[in-house]
Amino acid sequence: MNAAPAIAAPEPVLAIERSGEAAGERRRYELEDTGFNEVPKRFRRFYRRWGGPGEVLAPNEVLCPVCKVVIRSTRELRPGDHVFCLPCMSKLVVVRAADGSLAATSPH
Amino acid sequence: MNDFLGAYSIQHWLESCPQGYLEDTQFGHRGGENEPSFLIDNEVLREDAIRTTVQLVVGERCALSASSGLINAAPDEASRRFLATQTLDEARHVEVFTQRLYDLGVRKADLETTVERYANPNLVKFAEILLEKVDRKDFFCGVVGQNIVLEGMAFSVFEMMHAMNGAQNPKFAHTLSGTIADERRHVGFGENRIGSLLREHPEKKSEIERMQRDMSWFMLATFAEAFRENRTDAELDRIGFERSHATFHGADLAELSLEEMEGLLANTVLGEFKTRLSRIGLEYQSPPRP
Ligand SMILES: [Zn+2]
Numbered sequence: 000m001n002a003a004p005a006i007a008a009p010e011p012v013l014a015i016e017r018s019g020e021a022a023g024e025r026r027r028y029e030l031e032d033t034g035f036n037e038v039p040k041r042f043r044r045f046y047r048r049w050g051g052p053g054e055v056l057a058p059n060e061v062l063c064p065v066c067k068v069v070i071r072s073t074r075e076l077r078p079g080d081h082v083f084c085l086p087c088m089s090k091l092v093v094v095r096a097a098d099g100s101l102a103a104t105s106p107h
Numbered sequence: 000m001n002d003f004l005g006a007y008s009i010q011h012w013l014e015s016c017p018q019g020y021l022e023d024t025q026f027g028h029r030g031g032e033n034e035p036s037f038l039i040d041n042e043v044l045r046e047d048a049i050r051t052t053v054q055l056v057v058g059e060r061c062a063l064s065a066s067s068g069l070i071n072a073a074p075d076e077a078s079r080r081f082l083a084t085q086t087l088d089e090a091r092h093v094e095v096f097t098q099r100l101y102d103l104g105v106r107k108a109d110l111e112t113t114v115e116r117y118a119n120p121n122l123v124k125f126a127e128i129l130l131e132k133v134d135r136k137d138f139f140c141g142v143v144g145q146n147i148v149l150e151g152m153a154f155s156v157f158e159m160m161h162a163m164n165g166a167q168n169p170k171f172a173h174t175l176s177g178t179i180a181d182e183r184r185h186v187g188f189g190e191n192r193i194g195s196l197l198r199e200h201p202e203k204k205s206e207i208e209r210m211q212r213d214m215s216w217f218m219l220a221t222f223a224e225a226f227r228e229n230r231t232d233a234e235l236d237r238i239g240f241e242r243s244h245a246t247f248h249g250a251d252l253a254e255l256s257l258e259e260m261e262g263l264l265a266n267t268v269l270g271e272f273k274t275r276l277s278r279i280g281l282e283y284q285s286p287p288r289p
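Line by line, the protein sequences give chains A and B. Using numbering that gives the first Met the number 0, the letters of the first sequence correspond one by one to residues 0 to 107. Using numbering that gives the first Met the number 0, the letters of the second sequence correspond one by one to residues 0 to 289.
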């Protein structure tokens, strides 16, 4: 924890959606380092390598469609949340996919 | 300017790469790792590995020229600094894959003749289309050609090679995993930076789409020739060496014929192109199948 952070907050969640499906208490998650070493040390626990198609993600996880890294939050994610993928610098928004799972997509 | 550009700093690059996944590596792999003896001692397998590695060197030399050439065409300071880090990434890729040629027994004096002998002419054409845009200082075409088409292709090719080599050749797999980590930043820059610029300059779209179609044709022709020339699978079968059961996009690579592998790779790369291009507001233009 010595150098100044490159971005303001280490948590990849930029904004929490507060309406509709997002109502109610969110489950909290303790994040452990999974050996992902592609970002500065203080951000590493927020990302992990993806196991490939077919892998079921946890409710606090979403796959970055740009660089195929799993983004992890300390809180359960919900549609409308804005997240940031540091390995590829993409701003993304969480959506509900056709199969019911959470997905991340470009906000544009 | 998008605030995401603020994170494209040399400091971020230092903490992510040299102090991250490249820490304690030698030419991209762990110290003490070597090419496996079954490959070095077999002339057919060794020559195939040299031919494959030459294509990586050719692709990375193109990426080095493109990323360095685009620095002075970039419209802002943060993009110039990002491209400076990408230039070093690409130079490192050229170096680690060239080192692999030496590890496979190519003599330093024979490097250029080896590259000339094995370079796929379609891959050379693919590179020429991109470098012509870079020479004209066309930032839009240059970044799409380099960071979405070339890097998007490299991303899938490296992932497939990484899956195939994970069990049989950890040294090469480790070299590949470092380049895949680099590609994440490069494709991210391509999509994020060009996506926002294209919304301001929609008149550039048709020229970029034409370039993408032409580059895609030569990419598919490169894949077709590479799989046609491949003698590795037949040789592994002949010497009774079991192919590794690696999974790539849901398929067991050991169970696929070369033709099926080519189809899987081409479809994966083209599928990725389509979604990447649509995210930045471009429509994928399908080339005729070579
Ligand atoms: Zn990402």
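These are calculated hints, taken from the structure and not from any lab test. Cβ atoms here follow ideal geometry from the backbone N, Cα and C, with glycine treated the same way. It is possible that part of the hints are untrue.
Straight-line alpha carbon distances no greater than 25 Å define the calculated DSS-like cross-link-like pairs of lysine-lysine that follow [said to hold, decoys possible]:
| no. | chain 1 | residue 1 | chain 2 | residue 2 |
| --- | --- | --- | --- | --- |
| 1 | A | 90 | B | 170 |
| 2 | B | 170 | A | 67 |
| 3 | B | 124 | A | 90 |
Distance windows between CB atoms, simulated [unchecked claim]:
| no. | chain 1 | residue 1 | chain 2 | residue 2 | range |
| --- | --- | --- | --- | --- | --- |
| 4 | B | 29 | A | 74 | 19 to 25 Å |
| 5 | A | 48 | B | 285 | 53 to 59 Å |
| 6 | A | 97 | B | 43 | 45 to 51 Å |
Exercise for the section: Take a look at whether the Cβ-Cβ distance between residue 29(B) and residue 74(A) falls inside 19 to 25 Å. Expected result: Violated: the Cβ-Cβ distance is about 37 Å, outside 19 to 25 Å.
Problem - Cβ distance range 45 to 51 Å for residue 97(A) and residue 43(B), holds or violated - result: About 47 Å separates the Cβ atoms of residue 97(A) and residue 43(B), which means 45 to 51 Å holds.
Practice task
Please work out if residue 90(A) and residue 170(B) have their alpha carbons no farther apart than 25 Å.
Solution key: 34 Å, violated
Exercise for the section: Take the C-alpha atoms of residue 124(B) and residue 90(A), compute the straight-line distance between them, and say whether it is at most 25 Å. Expected result: With Cα atoms ~35 Å apart, residue 124(B) and residue 90(A) exceed 25 Å; violated.
Exercise for the section: Could you say whether the range 53 to 59 Å given as a hint is met by the Cβ separation of residue 48(A) and residue 285(B)? Expected result: Once the Cβ atoms are compared, 32 Å apart, the range 53 to 59 Å for residue 285(B) and residue 48(A) is violated.
Exercise for the section: Starting from residue 170(B), check that the Cα of residue 67(A) is at most 25 Å away, please. Expected result: Holds: residue 170(B) and residue 67(A) sit about 23 Å apart, inside 25 Å.
Taken one by one, the earlier hints fail for this structure at numbers 1, 3, 4 and 5, listed in ascending order.
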